[in-house]
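S.K.: Given chain A, put chain B in place with the hints provided.
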Amino acid sequence: NAGVTQTPKFRVLKTGQSMTLLCAQDMNHEYMYWYRQDPGMGLRLIHYSVGEGTTAKGEVPDGYNVSRLKKQNFLLGLESAAPSQTSVYFCASSYVLQPQHFGDGTRLSIL
Amino acid sequence: GQQVMQIPQYQHVQEGEDFTTYCNSSTTLSNIQWYKQRPGGHPVFLIQLVKSGEVKKQKRLTFQFGEAKKNSSLHITATQTTDVGTYFCAGPQGGSEKLVFGKGTKLTVNP
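Those protein sequences? They're chains A and B, same order as listed. 1 is the number of the first residue of the first sequence in our numbering; add one for each residue after it. 1001 is the number of the first residue of the second sequence in our numbering; add one for each residue after it.
Think of the hints as simulated: they come from the structure by calculation, not from any bench. Glycine included, each C-beta is placed from N, C-alpha and C at the ideal position. Among these hints, one or two may not hold up.
Chain A stretches covered by chain B per the calculated footprint, using a threshold of three residues with CB under 8 angstroms from any CB of chain B [stated by the list, open to error]: (1) 36-43; (2) 47-60; (3) 63-70.
Negatives, chain B to chain A, calculated, CB over 12 angstroms [claimed, not checked]: (4) Gln1009; (5) Gln1011; (6) Gly1016; (7) Asp1018; (8) Thr1020; (9) Lys1051; (10) Glu1054; (11) Thr1062; (12) Gln1064; (13) Gly1066; (14) Glu1067; (15) Thr1077; (16) Thr1086; (17) Pro1092; (18) Ser1096; (19) Pro1111.
Bound conformation, chain A alone (with noise of 0.2 angstroms):
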């Protein structure tokens, strides 16, 4: 069984270019969402979404947009990557008000 799966799985960019992590889940999920994590900081929610087509902020979405097209996949995009940015991101889903599943995890660095 797949789970939760991330892509890419790591990616260096520059600052100022932007791109999409991909997150995909196959176990009808309806709540995705996306962290990022850094040293010592635990894992911070960016942004989430209760089901398909809908969106919300979490804690640090500053800088992220995300879609829901469909109920298996959440996007994170980051439109103008900044140094401050890099970190590992996970993107997690459950069923309504259930533990979360996670992904491998994208391992970005922005130079």
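M.R.: For chain B alone, kept in the frame of chain A given last:
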């Protein structure tokens, strides 16, 4: 806003010693979840506690939810090298679909 605090931030033990991490919330929680993240890996759900004073065991791991539902602990008996990783607690923000994660306790085990 709601905060979830974990202590200690780091813990280094000798194999065979016990280990405990503590989690405290600024507000009453409807439930608390624990996750483990191995080095280089992604968070993996361990357990969810719902009832006041609840205690659950998974082999050498004992999880406890406080009577006031504002604190929790994870105790590992006789640590093994396979226990290495970062342990996170997380609680729902208000009654919502969002989780607030503690910053985690990083456990290292010396063989």
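S.K.: What are the numbers of the hints that this structure violates, sorted from low to high?
M.R.: 3, 4, 16, 17, 18
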